[in-house]
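Asks: So you can see what is in the structure, the chains are spelled out below.
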Amino acid sequence: MNLKDIVKMLDLKVVSGDIDREVSAGYSSDLLSDVIANAQKDNIWITLQIHVNIVAVANLQELAGIILVNGRQPEQITLKKAEQENIPILLTELPTFEIVGKLYEMGIHGNSIN
Amino acid sequence: MDNNKTTTKIQELTYELKIDDVMCKNIETVSSKMPISQLRDVLYKKRISGVPVVNDDKLVGIVSIEDFIKCMEQEEMDALVEDKMTKNIKTLYADEPLVHAVKKFEKYGFGRFPVLSRKDKKLVGIITKSDIIKGILKKLESVYHDEEERRYRASHIFNDIVADEVFLKFQYFVEGKNFDKAGEASTGLKKTLYRLGLSPDIIRRAAISTYEAEINIVAYTDGGEIIAYIDPHQIKIIIIDKGPGIPDVEKALQPGFSTAPGWVRELGFGAGMGLPNIKKFTDKMTLRSTVEKGTHLEIIIKLSDYRNED
Numbered sequence: 001m002n003l004k005d006i007v008k009m010l011d012l013k014v015v016s017g018d019i020d021r022e023v024s025a026g027y028s029s030d031l032l033s034d035v036i037a038n039a040q041k042d043n044i045w046i047t048l049q050i051h052v053n054i055v056a057v058a059n060l061q062e063l064a065g066i067i068l069v070n071g072r073q074p075e076q077i078t079l080k081k082a083e084q085e086n087i088p089i090l091l092t093e094l095p096t097f098e099i100v101g102k103l104y105e106m107g108i109h110g111n112s113i114n
Numbered sequence: 001m002d003n004n005k006t007t008t009k010i011q012e013l014t015y016e017l018k019i020d021d022v023m024c025k026n027i028e029t030v031s032s033k034m035p036i037s038q039l040r041d042v043l044y045k046k047r048i049s050g051v052p053v054v055n056d057d058k059l060v061g062i063v064s065i066e067d068f069i070k071c072m073e074q075e076e077m078d079a080l081v082e083d084k085m086t087k088n089i090k091t092l093y094a095d096e097p098l099v100h101a102v103k104k105f106e107k108y109g110f111g112r113f114p115v116l117s118r119k120d121k122k123l124v125g126i127i128t129k130s131d132i133i134k135g136i137l138k139k140l141e142s143v144y145h146d147e148e149e150r151r152y153r154a155s156h157i158f159n160d161i162v163a164d165e166v167f168l169k170f171q172y173f174v175e176g177k178n179f180d181k182a183g184e185a186s187t188g189l190k191k192t193l194y195r196l197g198l199s200p201d202i203i204r205r206a207a208i209s210t211y212e213a214e215i216n217i218v219a220y221t222d223g224g225e226i227i228a229y230i231d232p233h234q235i236k237i238i239i240i241d242k243g244p245g246i247p248d249v250e251k252a253l254q255p256g257f258s259t260a261p262g263w264v265r266e267l268g269f270g271a272g273m274g275l276p277n278i279k280k281f282t283d284k285m286t287l288r289s290t291v292e293k294g295t296h297l298e299i300i301i302k303l304s305d306y307r308n309e310d
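Chains as they are written, first to last, in the numbering used here: chain A, 1 to 114; chain B, 1 to 310.
Among the hints, erroneous ones may be present.
Claimed, not checked - Derived pair list, reagent style DSSO-like, types lysine-lysine, alpha-carbon separation capped at 27 Å:
id : chain 1 : residue 1 : chain 2 : residue 2
1  : B       : K236      : B       : K191
2  : A       : K4        : B       : K103
3  : A       : K13       : B       : K119
4  : B       : K104      : A       : K4
5  : A       : K80       : B       : K191
6  : B       : K25       : B       : K87
7  : B       : K119      : A       : K4
8  : B       : K122      : A       : K4
9  : B       : K18       : A       : K4
10 : B       : K139      : B       : K9
11 : B       : K9        : B       : K129
12 : B       : K107      : B       : K134
13 : B       : K139      : A       : K4
14 : A       : K4        : B       : K9
15 : A       : K41       : B       : K87
16 : B       : K18       : A       : K8
17 : B       : K138      : A       : K4
18 : B       : K121      : A       : K8
19 : A       : K41       : B       : K121
20 : A       : K8        : B       : K119
21 : B       : K236      : B       : K181
22 : A       : K4        : B       : K121
I should point out that these hints are in silico values taken from the structure, not numbers from a laboratory.
Chain B with its partners taken away, still in its complex shape (with noise of 0.2 Å):
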């Protein structure tokens, strides 16, 4: 990985968190009315530098171990927090990006900020500089897992698989006139395609023309399946159904003809668009059609960039 890119993902990280997503939650506070001398003990048994003051949930305060080695020095251990804590404190909100307490932090030089929720203005959390390098490290961890996770889904199956020809089939069965479960067949597609690491550009455009002839059977038959064949060079994709078949073909491909009825209309669908769409997507198209015995579109989409992918 280049620096550069590292940079940019890490302060992308810094908008994306919330502060709530990694500060501190489990927090313990003290009243403005505690000795000090009881403050090392708070500090000891938590191993932390400072804590927040509170009286009836509100944060008044923050006292910290400087503070308390300040008050022995000048033999001070008998006054009360209050006299002793910062008064004047800079705070943040649960639900600001990070990136706000990484300019906080830069500016005051603090070590550590109370957190507050935004509606009630209530302490709940504190922030230090190591919450925000533990989030960002926990965050980055998981995004490479996600990103490790899909190349090695199967970007590399092809590769891995010892054999003179390689092709993977899937096939979806389309039930015709239910518009409820039109496009389900083109989605599963997409995932499948997805997990199998291919470039977002050839997925988006398989599952669009899948999509439309997916549409197509459901409008006009009665059902017909849809079968991909993927190989390292490219995505056949093979749609057929048993009727009515398109009586002239040539008409069909016309951008605009539609013979769809009024209620394959009212839904959005039958705008003579789905197979010139189709054919816009893909690289070869080719439609057969018989009346009464059906339609075989088969389509194919290259697949020049699949080597290039690691």
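Bound conformation, chain A alone (with noise of 0.2 Å):
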């Protein structure tokens, strides 16, 4: 699926990056190392982590885009960052679960199942 539809369907604020790429599957954890353990190319990612470095691991795992749960705002040097690096960033202000039951009902799912 396009990122650009998942952000109109799920009424995502972009902030930075080029929405239009594919969306393989998803992953959420607000551990980093974890992300660089199991997320995988391609995948969105939802955290609250708003801090630098989730651009750096977005970067290192060539995600298609970071989705910032709860109505957190990313830090001015994250957000100069990702549109650097061309990252999309993402926000909602739902919590991570219903974001998450959200793109599971509309056919995002994790790496097991693809």
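Hints given; two lone chains; assemble the complex.
Replies: Here is the structure:
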């Protein structure tokens, strides 16, 4: 599924990056090393971490984008870096559980299912 | 290149490119009240075979050289454009993918389609089959250029260098306790390896393990350095810091074991996964540490597929 469609359907606020890209599956975790170990290329990542290292992790794993939950705003430096590296950062007021549920209903599953 | 691949790439491009990318934007228009006799000059001047008819910014029809010829045959040169133009016109939106245009050309067999902006339905361009072909060729050329550049950047560097042994060395300095800069060394190494033309999997493994090691330097030490040696067979990355050292190396390697302070954990690190991750993504990992002196981590990623790259 294209990230553009996800953004539209979940009413996410795009604050950085080009959202015209395919999403393979989803991963949710607030531990960066866990994401590094278990997320896969083109995954959408759901987290509440907002500091600049989320961009490094997304960049390393070539993730499709990062959804920040609970209305959390990325730090200024995070945004700057995300814009530099063209990593989409998307904001939602919803908590992780809700947003993951909605993604699942849309057909975005975990890596093990696909 | 085999035929199947070419077809797929072009198909892919027709989805990737928007009509806006290839259409002609510098367009001529005529008013519906213009006499047909004046059409010849417009078409001749711009060397075009058809022109959109616009009244007050609104597209009302399209008139072509065929309409002009018919009028000539029937000696109706005094007729107005609005009497002879095609009124029921098919249009496209500028933001539609090119493939929509291709399909419409196939379906209707017209020579051109006016292009409207979706927002205000105003005429913003016109697209012909030759615009599509030119657009695709132009894009193919740029794709090919990028690919060529990537291939020749450095992937043959080892073949081109004459020496008994060759290795490249890249060195990065890492600041301790500064998480704002954490990741810069590994990101830099990743970009460098990409330019060297290594395979994406190798690059990912090298970048991820370097990142974890870099985070360790930032979280636990006052700074250190990362040195990557690349030869035709392997990437060797050495990560050194000046302390405080790891008291129990065995324990540090256990998944989930962590001595991270609270501020590190708040940032989402310190889950005791760093060293296990490095182990997971590399072919060989050697960790030596002396308390108060520092830690020396050496990792190796084999480039078994390097020779098969070209």
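Asks: A/K80 and B/K191 were given as a pair; does the straight-line alpha-carbon distance stay at or below 27 Å?
Replies: 18 Å, holds
Asks: Need the status of pair A/K4, B/K121: alpha-carbon distance at most 27 Å?
Replies: 23 Å, holds
Asks: Take the C-alpha atoms of A/K4 and B/K9, compute the straight-line distance between them, and say whether it is at most 27 Å.
Replies: 22 Å, holds
Asks: Please verify whether B/K18 and A/K8 have alpha carbons no more than 27 Å apart.
Replies: 19 Å, holds
Asks: Against the 27 Å threshold, does the CA-CA distance of B/K236 and B/K181 hold or violate the hint?
Replies: Holds - the C-alpha atoms of B/K181 and B/K236 are around 23 Å apart, at most 27 Å.
Asks: CA of A/K4 to CA of B/K103, is that 27 Å or under?
Replies: Roughly 23 Å separates the two Cα atoms, so the pair holds.
Asks: Are the Cα positions of A/K8 and B/K119 separated by 27 Å at most?
Replies: Holds: A/K8 and B/K119 sit about 18 Å apart, inside 27 Å.
Asks: Does A/K4 lie within 27 Å of B/K122 when you go C-alpha to C-alpha?
Replies: Roughly 25 Å separates the two Cα atoms, so the pair holds.
Asks: Take a quick look at whether B/K119 and A/K4 sit within 27 Å of each other, Cα to Cα.
Replies: 19 Å, holds
Asks: For the pair we were handed, B/K139 and A/K4, check the Cα-Cα distance against 27 Å.
Replies: 23 Å, holds
Asks: Does B/K104 pair with A/K4 here, judged by a C-alpha cut-off of 27 Å?
Replies: Status holds; Cα separation ~25 Å.
Asks: Checking one constraint from the list: CA of B/K236 to CA of B/K191, max 27 Å. Satisfied?
Replies: 16 Å, holds
Comparing the model with each numbered hint stated earlier shows that hints 15 and 19 do not hold.
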